[in-house]
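Trainee: Chains as they are written, first to last, in numbering that gives the first Met the number 0: chain W, 0 to 795; chain C, 0 to 146.
Mixed in with the good hints, there may be bad ones.
Claimed, not checked - Capping the alpha-carbon separation at 30 Å, the derived lysine-lysine pairs in DSSO-like fashion look like this:
hint : chain 1 : residue 1 : chain 2 : residue 2
1    : C       : Lys123    : W       : Lys583
2    : C       : Lys139    : W       : Lys579
3    : C       : Lys123    : W       : Lys542
4    : W       : Lys586    : C       : Lys139
5    : W       : Lys579    : W       : Lys542
To be verified - Just some of the chain C residues that point at chain W, by a computed CB distance under 10 Å:
hint : residue
6    : Leu25
7    : Ala39
8    : Met44
9    : Val75
10   : Arg77
11   : Gly89
12   : Gly91
13   : Asp95
14   : Leu122
To be verified - Which stretches of chain W does chain C cover? Using the computed rule of at least three CB atoms under 8 Å from a CB of chain C, they are:
hint : stretch
15   : 86-99
16   : 596-610
These aren't lab readings, by the way, just hints derived from the structure by calculation. Ideal Cβ placement from N, Cα and C applies to all residues, glycine included.
As a plain string of letters, each chain reads:
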Amino acid sequence: MDDLIKEFLVESNENLDRLDTELVKLEGTPDSRELLASIFRTIHSIKGACGFLGFQKLETLTHAGENLLSKLRDGKLVLTPEIGSALLSMVDAIREMLAAINVTEHDGEDARVGLIDQLKKLLEQEPVSVATSRRAMARENCEESKPESKVATPAAAGRTKKTPHVGKLGGTLVEQRRVKPEDVARALEAQEGGDTRPIGAILVGLGVLKSDELAEALRLMEERRSKATSQDSTIRVQVTLLDRLMNLVGELVLARNQVLQYAAQQKDNAFLGTIQQLNLVTSELREGVMKTRMQPISRLFDKVPRVARDVSVGCGKQVHVDTEGKDTELDRTLLEAINAPLTHLVRNAIDHGIETPDSRVRAGKPPEGVVRLRASHEGGQVLIEISDDGAGIDVEKIKSKAVEKGAIGADQAARMSSTEALNLIFLPGVSTAEKVTNVSGRGVGMDVVKTNIEHVGGSVEIQTKLGEGSTFKIKVPLTLAIVPALVVRSVGRRFAIPQMNLVELVRLDAGQSGSGIELVHGAPVYRLRGRLLPLVYLDRELKLREEEPNGQNILVLQVDSRRFGLVVDEVHDTEEIVVKPLGKHLKGIRVYAGATIMGDGQLALILDVPGLAESAGIKTESPDGQTIKASALNTKDTVEKQKLVLFDGANGSRMAIPLNALARLEKLAGSDVERSGNEWVVQYRGQILPLIHLSRVLEVRRDGGLAPNDTPFPPPGSIDVLVIQENGRLFGLIVNTIIDIVEDTTEVRIPATRAGVLYSAVIGERVTEMLDVSGILQAPEQGVVERSKAMAVVPV
Amino acid sequence: MTKQFSTFYLQHLMFGVESQNIQEVLRTVELTEVPLAPKAIAGLMNLRGQIVSALDLRQRLELNDRQKAHPPTGVVIRTVDGLMGLLVDGIGDVMDVDESTFEESPETLAPQMRSVIVGVHKLKGNLMHVLDTSSVCDLKGLQDAKA
C-alpha cells in the first residue's frame, strides 16, 4: 500500500478516536468554541486528504459533515441531539470507510447517501435566536481581524522573521488583542534603534501594556512551547519492532543469567565488576523495553463516553461517565484483551443497572445515573472497577432465572450464598434482563467477559447492593510477557505454574507418603483443614509414569471458585519467567500455556491451570445443569454441606458454623496480636486481619450497648480464631476454643433466642447455636471489617 | 536451470531440501520432551532464545527408531508457520542439481513416504528425495499422542 495512504489511515483513525470523545463532550457544552474548532479541523483535514488521495465518497461525506460543523462553529446552528447523533454516525461511517480503504485501498461501494441527506437536511434547520447568532458574528469578526492585522503591519511581520523569538511575543500579544500591531512595530523599531530591553519591557514602557498582561502572555507562550516539544518528542514505532525488541531483551536476560552463573566461579575482580555492570544495565534495559509496550488505560476509557452515550440514548436513560486513574498503564496485549469485556460491562451497567430517569427520581436519586470507571495498580496487578449507581442485581432473581434455565437445581439455589449466586450471571444463558433489547439481555456476553478476562490470567468479581448499584472488579496482570511462576518437578521434568493460580503448598510427610490422601469412589482427595480437596496427579495427567501415580507435594490451585490439588514430586523456586508460545503442533494441547527458558538455558513447559483442571475432569461450572458424576467434586460438595465446626463461642455456649463459611481455623500466638486504635488486628498473609471478639459482639446484642473491651492486651497464651471470608474480605472471629468438626445429621431446630444466631439445633447430642455470620457483620464492630477493605501490609 | 539443495540422510536414504528454505544445521540437538505431544514431535529446542518444535523424521516417515548410540542432527527449516526443527541421521553435501534429472516419485513408494516427497533427482550413483516441507510438517491424520 502507498505510504501516503498508510499514514493517512493511521492519522485519521487516531483523530477519529478523539472525535468521538470530543463530540460527546460537546453535547455537554455546546458552546465550546475550542471543541468545535478541533472537531472541524479533524473533519476538514480528512476531507482535504481524501480529495488529494482520490477517495471521492469519503470526501462527499466529510464535506457534508464539514458544512454542518462550520454552521455550528459560526453559531448559525445549535447542537441538538439529532445533530449530535448524525455527526456520530458520520464518524462511524468514516471509520468503516477507512477500514475498507485499509483492505481494498478503495473507499467502498456504499456512498452513504442517506446519511449525507440527513446531514444536509439538518443544515437547513431554522436559524437560532438572534442573540446567539450575533455572538457568533462577533466571533467571526474577531477571527477575520487576525489575518487582517498581520497584513496591516508588513513591517512587523518582516521583522518577525528576522528576530523570531521577539516576534513570537509580539504576535501572541496581538493575537490576544492586548496591544495593537502598530505598537509592536514601534517597539521593534526602538529595538533596532539600539534599545536593549526585551520587547515586552519596551511595550510596558510605551504604556500600551500592563505588566501583569505581559506575564500572562509569557506564560501562555511557555505553555504552547512545551506542548509543541511534547509532540516532537514522540515518534511512531511499529509494534512488531517493539515485540522483537522484547524478545531480544528476553534473550539478553537469559544470557545474563547464564553469565552470572559462570561468574560465580571466577575470581578476577575486574571481570566481576563488568559482570555486575552488565547485570544492572540488562535489568534497566528490560524495564525500559517493557515500558515501551505499556499504554495508558485512557485508550480504553476515552472510548467509553461514546459507548455510554449510544446505549443511554437507545434506552432512554441519562448517564454520566466518570473516569479515574486514566494514566494507569498496562501491556498493550492486555489492553486489547480487556477492551471488549470493558465495553460489555459498561453497556450492561447502563442497560441493566441504571434505571430510567423517572424511576430514579422515584427512588430518590438524581435523574442522571453515574457509571464510574476506575483503574489503579494493586500489587503487580491492574485493578479496573466499573461501578454504577443503578438498581443493583437482584440475587433472588438470578437464582430463579438459573433454576428456570436448568443451570442449577432448586435445592442448590436455596443453599447458595449470595456471592455464589451472583457468579451465576457468568453462566451462558442466564440474564436478569426482563426483556431482550438490542443492547443486551440475551444472556450471552457475561460468560464471554469472564472467559476473555480469564484467558489473560485475570479475574472478575461482583459486588452489588439492591437499589444502590453494582461494581464489577476486573483484575489483570500488568504484563503477559513475563510472569511469576513456581517451578516444580515431576518424574525428572520441570514445569512452571503461574503464581496467579497458586493458593498454597502442602507437603506430605516424606516418611508417610500418601498419608492423608483418601479415595472417594476411586477419586483421590486430600483432607485440607477439614475440607476435601480433589487431587490431580501431574504424572498421571501427562502420562509420565508407568507405575502408580506418586508425589510428595500438593499445590493447591484455584480456577474460578474451585480448588484442586496438583500432586508433584518436587517444588523448586518461584521465578520470573518469559512466556514463549508453542508451535502449531503443540498449541492444541490444552494443559500447556507455553514454554519458557530457564536460567540454565534448559526449557520448561508452562502449565495452563484451567486447561489442566478441564482435562482432569475438574469442571469449574456445569452450564447444562448436570452435576459432575464421576468427579470427586460432587462428593466434596455433599460432604462439605454437612460439615460443621463446633466451638465454644463465649461463656461456655456451644456454637457451630458451616465449615464452608470458613477460610481457615487458626491458633494465633497472643503476642502476634497488635492494636490498631481500639481494635485488635494481626498481620495475616500480607493483609491486616481485623479480629472480632465473638463474646463482645454477642454481649452487645443483649445489653444494647457496646461491652467494654476489658480483655487483657496482649492476650496471654494463644487464641483460637475462625478466619471467615465474607465478600472477598477476611476477618477473624476470636472464640474461646474450637471443639470439633462434625457432620450435621439432625433436623431438630428451634428459632434463635438472641441476635447473631440463626437457630438452635441438636448437634452431637447437645443443643448448639448456629452462628449467623452476616449477622455478626452487622454488629457495631462491623466498621472494623468495612474499614479494612483495601488495607494490605506493605511487603518489606 | 539448476537449484541448490542441502542434503541429509535417514538410514541409507538421501533427502534434499532447497537451501533457501534452510535456516541452519545443528550438530547437537538438546531436546525437552513434551508429554502428550504427537508422537512425531520429539520435543522442543532452544534456538538462541526461540523455542522451536523438533520433528523426528524417522517417526514421521515410519522408519525404524534411531539407535541411542547415533544421536540425531538437527536441520532447522523455515515454514509458513515459522521455524521447525527436523531430526535426521546425518548431513550430506550442498549440491547444485539440474532440473532435467528430476522425476516424480515412483508409484511403488510407500504411502507415508509418498505424501511427503515431491519427487526424486537422479544423481550419480544415488537418488535424492525432495522433501515437501509443508506436508511433512502437517501431522493431521497421523495417530495422536504417545501411548
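Trainee: Checked against the structure, which of the hints given earlier come out wrong?
Mentor: 1, 3, 6, 9, 10, 11, 12, 13, 14, 15
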